[in-house]
Every structure is written in structure tokens, then in C-alpha cells.
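Please build the complete structure, drawing on both the sequences and the hints.
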Amino acid sequence: MVDVFLSALAEITTLKHMSFLLVGVMLGLMVGVFPGLGGIAGLSLLMPFLYGLDTTSALALLIGLVAVIPTSDTFASVLMGIPGSSASQATVLDGFPLAKQGEAARALSAAFFSSLVGGIIGAIILTGFVLIARPLILAFGSAELFMLSIFGLSMVGVLAGRSLVKGLCACGIGLVIGSIGGAPATGEFRMVMGIDYLYDGIPLVIVGLGLFAVPEIVDLLRRNRPIAADMRLGSGWFAGVRDWWRNWFLSVRCSGLGAVIGAIPGLGGTVVDWIAYGHAVQSTKDNPRFGQGDIRGVIAPESANNAKEGGGLLPTLMFGIPGSGAMAIFLGGMVLLGIQPGPSMVGANLDITYTIIWSLALANVLGAALCIALAIPISRLTLIPFQLLAPFMITVICLAAFQATRILDDLVALLVIGLIGIYMRRFGWPRPALLIGFVMAPQAETYLYQAVQFYGWGFATRPGVLIILAITLISLWIGMKARVDDSAGVAMKQTDPDAPAPSPVAALRRRWPQFAFAAFAMGLFAFAISDAMRQSFLGQVFPLTIASIAAVFGATVLVMLLFSRDAAPVVYDQEEAPENAAEKGVRSLWSGAFWIALLVALTALVGFFLAMLAFFLIYLPVRARTGPVKTLVLTAGAAAFVLALANALNLNFPYGQLQDIVRLPWPLR
Amino acid sequence: MRTLTKITRRGVFALTAAVAGIALTAPAKAEVSFAGQTVEWIIPFSTGGGSDTWARFNAPFLQKHLPGNPDVVVVNEPGGGSTRGTNLFTQRAQPDGLTILGTSGSTQFPYLLGDPRVRYEYQDWEVVMVAPTGGVVYTTPATGVDSIDDIAELQGQRLVYASQGATSLDLVPMLAFDLLGLDVQYVFGFRGRGDGRLTFERGETNIDYQTSSAYLRNVTPLVEAGDAVPLFTWGILDEDGNPARDPTFPDLPIMEEVYEMMHGEPPSGPDYEAYQAFNTAGFAAQKMVFLPEGTSPEIVEAWRQAFRDIFEDPEYQASVEDVLGAYGQVTDGPAEALFRRGTQISSEVRDRVVNMLETEYNVRLGE
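For the record, the sequence lines run as chains A and B.
Position 524, counted from 1, in the first sequence is what the working numbering calls 524; the numbers after and before it change by one each time, with no gaps.
Position 155, counted from 1, in the second sequence is what the working numbering calls 155; the numbers after and before it change by one each time, with no gaps.
It should be emphasised that the hints constitute simulated quantities derived from the structure, not laboratory data.
Just so it is clear, the structure is predicted and the values come from calculations on it, not from any experiment.
We put the beta carbon where it would ideally sit given N, CA and C, even for glycine.
Any given hint could turn out to be false.
Claimed, not checked - To give an idea of the chain A side of the interface with chain B (calculated C-beta under 7 Å), a few residues: (1) G320; (2) G338; (3) F454.
Below you can see the structure in the form of C-alpha cells.
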């Protein structure tokens, strides 16, 4: 045992190993900073370097890349409110409000320090865990995985915001959207409406960007100010480290959580950050400001998502089953290098396993150090007037969304989900609840069906299931007492709590936009129910059940909107919030959405690259009122950036009508 | 050869413009070169999967051996169970030898089954290379089976199989188990064969198959520990196109032999034809490389020559088995033969399978 430790340790501390690790870290940093790009883009970038290398150097490169992505993706989450990758979605909830309050540097350094600790603790846990991981992973059958996905869904209780019924309804929307596409039990296609794009379901990247990035960009575009409203950067990175120190135990707990959940294949890394966030909310007693810029809401998910990568290594190495998207890439890389994952990784090749685990820890240290060094200069981005930043961000999210399946439909889907996100934000519907529903829908359905097939309904009495059920119930009970409000930074409504409820007619006249959105949700449920009616029993039972339950919540929301007093939590319209009334020159909600729609429409006509050029040339003089020289310089800069990126990653841009008619050279095609 | 072309070229310039227009194509034909250009290898699957690994392994060798040493890049176009990227290839690829397509069994199956999303036609393309693979079916000793000789024990038992879906590669074991008269319950919704193997290891299923390389890596240890019993392989096609034992597992019988053991005669009839067609499309002709419709014979030949050279490359020979398993890749005649066997199916056999999928597994292909 000791000699295995020593040989692994000797391996990672060689200069050669360290320098390849560093190159991997740098590449991962570049990929991770760019929102929406994750491990897959990273591997494309790495491939040219991988050939001709010996195994250990190539492994070091791969690990460096994989380890640093969940660290560097925090930049986009905190500074722009765009989830840098699916592992950093929860970070947006509090990280972005902090940036808006001018504390970007503090949020970033706390996040990086948490990532660093998460990565190291993950590696320490794995060092011991590796030896017992195989039986433990085998203990999680379909029944236990189903119960775990219910545990994930129970986080809705915490993230539901002010109105629980709206939260449940939002989760229902997520579950319905998540069950679009092939049914796990029969493969029959649900709610596809004959659209090829929907056969595979809507990609997670699109839902994440649409729900979180689009509404924030649209909101910022209405106002004429930078992201950081009060034009200051905060007291730098020491403050963030102090924040971490005050919450070190939370960080350690979330790291452990991340490592263990990451090690269970099948659940996917996508819920780890939400579970950690939910845990932070539940366990915080003193003065929580979650959703409005609580540093603990940054520390928890960032600790967990780095530890998760370590956990995800275990099923990858031992069973050849990737625990997360990044691990799928790692697995592909390993096979190319001729390293075969399997039981030998805890036997004859144990030293390779330890080399990998500890390299991961080391890469986390390197990555966090580089990110902390960059935190303060990069966080200055938040001081740039948003009208100038906006076209870049819109281009970036479209490019990121396009990575999902690389067709124009990605952008259309982004726009549609984005509109839903915009209205959810306006009417105080919790977006995280929708996302959790979306992520868990296929998991819950698949594992429930499999568990019933394997064990019959008796699966519910398996000891593992009962244990997870107990944890879920405890978590729900604690969660009910501490719910988060996601309508970030908005002051409470200034309404008279004792005012009597208006008559239903008056309520409808005043609240019709909210009413219309709730009715839209009801329409979605009705569509899901009618579609389910046409499927076979196994294909219909899940969407039928969830849509019916969600419709009950939807109906409750509608009734409450008609009869509630103005002060009731269910009644909320940001357009009437005091903040909006007070600020001058706020444009219509549609003005922001219009610009995104313009880029998508132009892309449909002339392809992405030409559309982007046209978009910049129209947007900058019209909306940002820049002079001709500045307009040209900014446009050229953006074009050069996009070209360099596309070239490095070997991307083709979305096609438009023009490309169907004439054959153009890259990058126009 | 080179001097000859030069003379021709010089001669061409002496001729009139009208003739030159025709004759200019002659030297270009004799000397295909992709120098300074980029070859795009479309893989209709996502990064990191089996097809992607296969393409990325081959790409640098192509770069080395194609005339003019062009850059070869792998372009992943996943979606629609690989139909999207393949449709895209049909729609956009020019017959200039600069775009190739790598397909897999999951691309062949929807084509053979008449999936409405398929807008591609295999018979239009030029096959330049085929990479076969194999697979092994195994069970657990808990079924009372210690070797293939006890196969009769399996009949009448309730077997459970973790499937990726009735129209995926798992259609082949379904057809095989049906032929052998085994009573198998299929549980769907698994994301890959690795997922299915994990379920087997947990004891939730009791019959499974893995492709050869995954079997060697992950199931052999189980067999050694007494937790798994190998039953039979999918076999390969010999030079005459007849089913034969898999050279990687010479001690294991093929499905046809097992059938004969149980029934006393070799399998025949439409059900066996269906099994054969999908077995070939799924394994013997699993991965194929195509040039688009209308590619000139010279360009096809240049590509085949590149693969011939690759197969001779000692560097390739040293690493191919580690990455792709024990089956060599083939070009020319053997590739053509496998291509034909793997992409053609009689309409009766297709209707039979589609009908079985519809009535027994509720799969509706036409949405």
C-alpha cells in the first residue's frame, strides 16, 4: 500500500508531469472562462497536443484540463449571470447579485478558494474511498437511484421562493419539458410535434442559458448602467478568503457531499451544485440573504462542484462509466492512450489511479491560484457600461447555445426558453425549481420504470431506498423552514398587508399579465396530458401523472391570483416593483428580447458569422450610440475573437438561408 | 509516372483552348493531391464515444498517408440517434474527397428499419473502409449454467436483459434470444452497454452482452472470479461471407452453433435472415467510412490506397489492438462485401422486424 502511495507521489512531483499539468490547466482555464463550453470543447482543443505524447504526460494534460473547468467557469456565472457550465448553475443565484452589488472580486475569490478546498478534500476522500468504492457503487441499484432523484427533486422545496405553489408549478413545467423526446421505457416520442429537433429532447445547456442568462441580459439591457450598479469592485480577494474561513465547515461538508454524489454514476453531476446550495440554505441559521447575494450561496456549490470531478473519476476508472460530461471526455482520452478502465484500476494499476486522483488535487491548486490572480483584473468587466458589453454577451451565449447540437434550432430553442425565463423572472416564478424538474425528469422516470421492472413495487422497502427516503423527508422538513427567494435584489413590495382582496374582476384587470403566464403554464400541462393520451401505457404514465399534478398546482395559482390580497406571496409583478418605478429611462421588457431575436433572425437568413457582423453594426450605433470608428473597432474585435475561437475548436457556425443557396468559404459557411 | 504526367501537362498547353478544357482533367485524375487542404471527417456521434475514439485514432494516420498530407479533422455532428449528422453529410458533402462520413451500427439500423428521420441512402456512397467488431453473450452462474453445454437450463427461466432500446444495437441480442427460444424480459432506458454491465454486476439482470474489447476488459475478471459464464459470440463473416467463429474467442461457439445444439439443425427461415442482416450491420460491418455520391474513381482509389498504406504502417500495427480491439480494419473487396451485407435487407425481412417491434415492444417508427 505504502509503496503504491510513494510511487504515485514520485510520479506527480516530477517536473515533466507538473509542466504538462500546467499546460492542461491553462487550456482548461481558457475553455472554462467561456460560458457554455465545457469538457467537450476542451478535448477538441487538446487533441492536437495528445498525439505523440507518452501516457503519463498525456494523462497530466487531460487531468489539468478536466480539473480546472469547474473552477474557471465561475467567472461567467458571477460576472455575467451566465452559467459557465452546468456545474456552476447554482453559483449564479448568489454570485451574480454580489457582482451587481459591486462585490465581484469578493465573490470570485471566495469561489476559487472554495474550489481549491473542494478539489483537495475531494482527493483526500477519494484516497480512502477508492478501496471500498466498487461494492459501494454496486449497492446503488435502480431503486436507490430513483430515490436519489426524488431527493434531488425535493430541493424544490428549498428553492421555491416566496410562493411554494408557484415553485411546485415551475418544477412541473421543468418535468414536462424534460420529458419531451424519446420515452425511456419504450422509445416512443413524446410532444415532438413532428419537429426533428425535439426528438432528442431540449439540451440542458439551452435550458440553463435560457433560464438564467437571457433574462439577466434582457433586464440589464433595459437600463443604462454597468452590471455593478455602484461602480466599485469591493475589497478584493482577501475579503473572499475571509468569507471562506468563516464558513470553512460548510465548505468541507459540501466537498464531501460533492465527492460522494459525484461517485454515483447515473445521477449525473448536474444536480450536485443544487444539492449543495440547498444544503447551505437549510443549514444556515443566522441572517440568510440567499438569492440576494449571500456569499454562502457561492461557497457551497463551488466547493461541491470541484469535489464532484474527483468523485466522478471512480465510476469512470472502475467501470468505464463516466460520472459526468467532463468524465466522458476523460474516458475517451484514456481509451485513446490505451489505458483500459476496469477492475484492474484498483488492482494492478492502483498506482495509476492514485496518480490520477492526486494530479487532480494538484491541478485544482494550480487552477485556483491562476484564477485568483486573474480575479481582480477580470472582475473589472462589471464596470463597463452594459450597452457596450451586451452585444458581446449575446454573441457569446448564442455561440455557446449552438454548441448543444450545432443547428439553428438551438438558437430558436434558446429564444423560446429565454422568453419563459424572462416572464418567470418578472412574475417571481423560481427558475431553479424549473431547472431541477428538467434535470430530474428523465432520471426519475427511467429509474422508477427500471426499479419496478427489476423488483416490482416492493422496491420501495429496500433498505437503501428507506435510508434515502428518510434523508429526503428530513431535508424537506428543514427546507420548509428556510426557503430561498430567487427574485434577486428586488425590494419587498410596498403594499398594505391589511388591504382587503380586490374583487376578482378588478384583480383580473390589474393582474392579467401574471394571470396570462399562469394560464400559459396550464396550457403546457394540458398539452402534455393530451399528448400522453396518445402513448402506450409505459410511455404515458409518467408525463400524465406529473402534468396532472402540476395542473392542480397551476389551477391553484390561477385561483389565488383571482382572489388573493395584493400582499399575498403568490401575487408578484416586477414591473410594479418600487425599484422599477424609481429608475429613470427603463425601457420595455421587449427591447432586450428584441435584440437577441434580431441576431437569431439574421442568423436564419445569412448564417451566424455574417449575422453577428450585421448585428454589431446595427446594435452599436442604434442602441449604444457609438461613433463610426468605435463601432468598426468593436465589431472587428468581436469578429476576430469569434474567428480565433472557432478556428481553435474547429467549429462550423449555424447555417442560414444564404448558405443553402450559395456555397461560401469558411467562416461564412 | 510523374514524368508521364508532366509530358501530358506540357502537351495540354500546346493545344487549343477548347481541347484544353477537356484534357486538363486528365493530369488532375492521375495525381490526386489534398496538399494544403482540410479533410473533414463527419462523425454523427458526440465526442468521447466509440465512433469518436475510432475516428480520432485513425485521423492522424490518414493525415500521414493521404496524398498531400492534408489536415484531417473530426467533426462531431450528434443527434437523432446519428441520423442528423448523416443527413447533413448527404445534404452538404461535395464529391471532392474532402468530406468523409464515419457511420456505426446505430446509423445502419434506422436505415434498415425505414426510420422516417433517415434522409440518406447508403447505396449512393462509396465505401472506403470497414472496421468490424464482435461481441460475447454471457450469463450468471446463478442460473445454474456453468458453460454453454448447459444452455438448455436457460430455457424456461425468466431472464432479464438491460437494453438501450429496441431499435439500438440491442436489437441483435433480441433477435438471437428469440431464435434460441429464450424467455427474456427486456428492461429499457439504459444509456450504454457499460450501464447494462453495471446492472448485471449488481445482480439486477442475469443475461448480457458486451462488445469484444469491453468484454475482455471488464467481463473476463468476472468470469475468472466465477461471477459470469460466457455463452456464445456473434461470430464473424469469413471470406465467403459465411458465419464463422470469432478469432478473438475461438473457444466460444457462435449463435448458429448454439441453435444447432438445441434444435439439431442449423437455423434458417425469415427470423434467421433478420438476425443475420442486423448482426452484420451491427457488428461485422459496424463502422464504415464513406465518400459522398459522385466521387470520382481516382479519389476513391486515393482514399483506399491511403488505408492500404495505413494498414502496413508499423506504428498503426503497434497501437491498433489497444485502441480498437482485435479486429483489423479492411478496405477494397472485403470492405465492399461487408458493406453490401450490412446495408441491404429484403423488404419482407424488414416488415417482419418492424412488425415485431410494433406489436411486441410498442415501437412506432413512423411518427
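A quick look at each hint next to the structure:
{"no.": "1", "hint": "G320", "verdict": "5 Å, holds"}
{"no.": "2", "hint": "G338", "verdict": "4 Å, holds"}
{"no.": "3", "hint": "F454", "verdict": "5 Å, holds"}
In terms of the numbered hints stated before, the structure departs from none.
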